[in-house]
Amino acid sequence: MHSVTYSMAVSVDGYIVGPDGGFDWTVPDDKVFRLSLEENREVGATSRSAARLSPPRLRLRRWI
1 MHSVTYSMAV SVDGYIVGPD GGFDWTVPDD KVFRLSLEEN REVGATSRSA ARLSPPRLRL
61 RRWI
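Heads up: the sequence shown at position 39 corresponds to 39 in the numbering used here, and the numbers run straight through without jumps.
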């Protein structure tokens, strides 16, 4: 059986978006971004595009 890894940015008060509805408050510094990229390379699939968090050209359903 495969495992599922779930990762999500949430503020201390439980919000996932900023006051303007954007996700730009979650932009990591270079070190954290590189670590995130390394971890994502180890994952067999990602649902970021299915949740429309990635550009349309990278949508998950393209490969399904």
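Mixed in with the good hints there might be a few duds.
Using C-beta positions, here's what the derived DEER-type ranges look like [as the list claims (entries may be wrong)]:
id	residue 1	residue 2	range
1	Arg-41	Pro-19	16 to 24 Å
2	Asp-24	Met-1	18 to 26 Å
3	Met-1	Asp-29	31 to 39 Å
4	Glu-38	Val-4	23 to 31 Å
5	Arg-41	Met-1	17 to 25 Å
6	Met-1	Asp-30	17 to 25 Å
7	Asp-29	His-2	17 to 25 Å
8	Arg-34	Met-8	29 to 37 Å
9	Asp-24	His-2	13 to 21 Å
10	Pro-19	Glu-42	30 to 38 Å
11	Ser-3	Val-32	30 to 38 Å
12	Val-27	His-2	24 to 32 Å
No wet-lab data here; the hints were simulated from the structure. All of these numbers come straight from a predicted model, not from anything done at the bench. Virtual Cβ for every residue (Gly too), placed ideally from N, Cα, C.
Q) What are the numbers of the hints that this structure violates, sorted from low to high? A) Failing hints, ascending: 1, 2, 4, 6, 7, 8, 9, 11.
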